[in-house]
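Whole structure, please, built from the sequences with the hints as guidance.
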Amino acid sequence: EAGVTQFPSHSVIEKGQTVTLRCDPISGHDNLYWYRRVMGKEIKFLLHFVKESKQDESGMPNNRFLAERTGGTYSTLKVQPAELEDSGVYFCASSIADRSYGLYFGPGTRLTVL
Amino acid sequence: KQEVTQIPAALSVPEGENLVLNCSFTDSAIYNLQWFRQDPGKGLTSLLLIQSSQREQTSGRLNASLDKSSGRSTLYIAASQPGDSATYLCAVPSGGGADGLTFGKGTHLIIQP
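For the protein sequence lines, the chains are L and W, in the order given. Just so you know, we're using this note's numbering here: the first sequence kicks off at 43 and counts up by one. Just so you know, we're using this note's numbering here: the second sequence kicks off at -2 and counts up by one.
None of these hints come from the bench; they were simulated from the model. Here the structure is a predicted model, which means the values were calculated and not measured. Virtual Cβ for every residue (Gly too), placed ideally from N, Cα, C. Treat the hints with care, since some could be wrong.
[What the hints assert, rightly or not] In silico negatives: residues of chain L with every beta carbon more than 10 Å from chain W: (1) Ala44; (2) Val54; (3) Lys57; (4) Arg64; (5) Gly70; (6) Asp72; (7) Lys93; (8) Ser95; (9) Asn104; (10) Phe107; (11) Glu110; (12) Pro123; (13) Glu125; (14) Leu126; (15) Ser129.
[As the list claims (entries may be wrong)] Computed list of lysine-lysine pairs in BS3-like fashion (alpha-carbon distance at most 25 Å, straight line): (16) L:Lys120 with L:Lys93; (17) W:Lys39 with W:Lys102; (18) W:Lys(-2) with L:Lys96; (19) W:Lys102 with L:Lys83; (20) L:Lys57 with L:Lys120; (21) W:Lys(-2) with L:Lys83; (22) L:Lys96 with L:Lys120; (23) W:Lys(-2) with L:Lys86; (24) L:Lys120 with W:Lys39; (25) L:Lys86 with L:Lys120; (26) W:Lys65 with L:Lys86; (27) W:Lys102 with L:Lys86; (28) L:Lys86 with W:Lys39; (29) W:Lys39 with L:Lys83; (30) W:Lys(-2) with W:Lys102; (31) L:Lys83 with L:Lys57; (32) L:Lys86 with L:Lys57.
Rendered as structure tokens:
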């Protein structure tokens, strides 16, 4: 069974540019989560999808971040325009059941904003 | 607001030692607690998931305990090996209506051959 995959693994962009991160969850996992770890800080929750619906987006930093999950399969997280403080590692996770039961994490996308 | 603290932040021990990693959380109204492992440049691997009704879980040389009332969990690693070197993260549900997990900053563990 394939795990959670994320693309790209690394992205280096300049301030003001747009970047789109992609996450493919484990097949059959209705729940998809985005997390972020900035340098020196703990991993923080961004948002939670159940199928194509946003269940909780309380962790999204601001309106420069837009997450979508059309069709309830893969998800994208777009940052537009990117700022320096957006640099960090963005993790995606998926699970069959909700309430964070048995989360499977992807390898992360390392985003560097110059 | 849930907060998770992990002690120590870093630990370096010789191979073969038994060791204990500590995790504390401020809101004891949790339904489970997870320990994860993260290798450099890799994602998080779930090691153990303890439900709130359980006091401990074991997987191989790993044993995690949970004392919900005191807001503490420990991860015990027996007979440590160089391959155990990684960052170990503790996470609990954030609560307060939020869906996500609240993570500690982790314990960076180095096992010296």
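Enumerated hints in conflict with the structure, sorted upward: none
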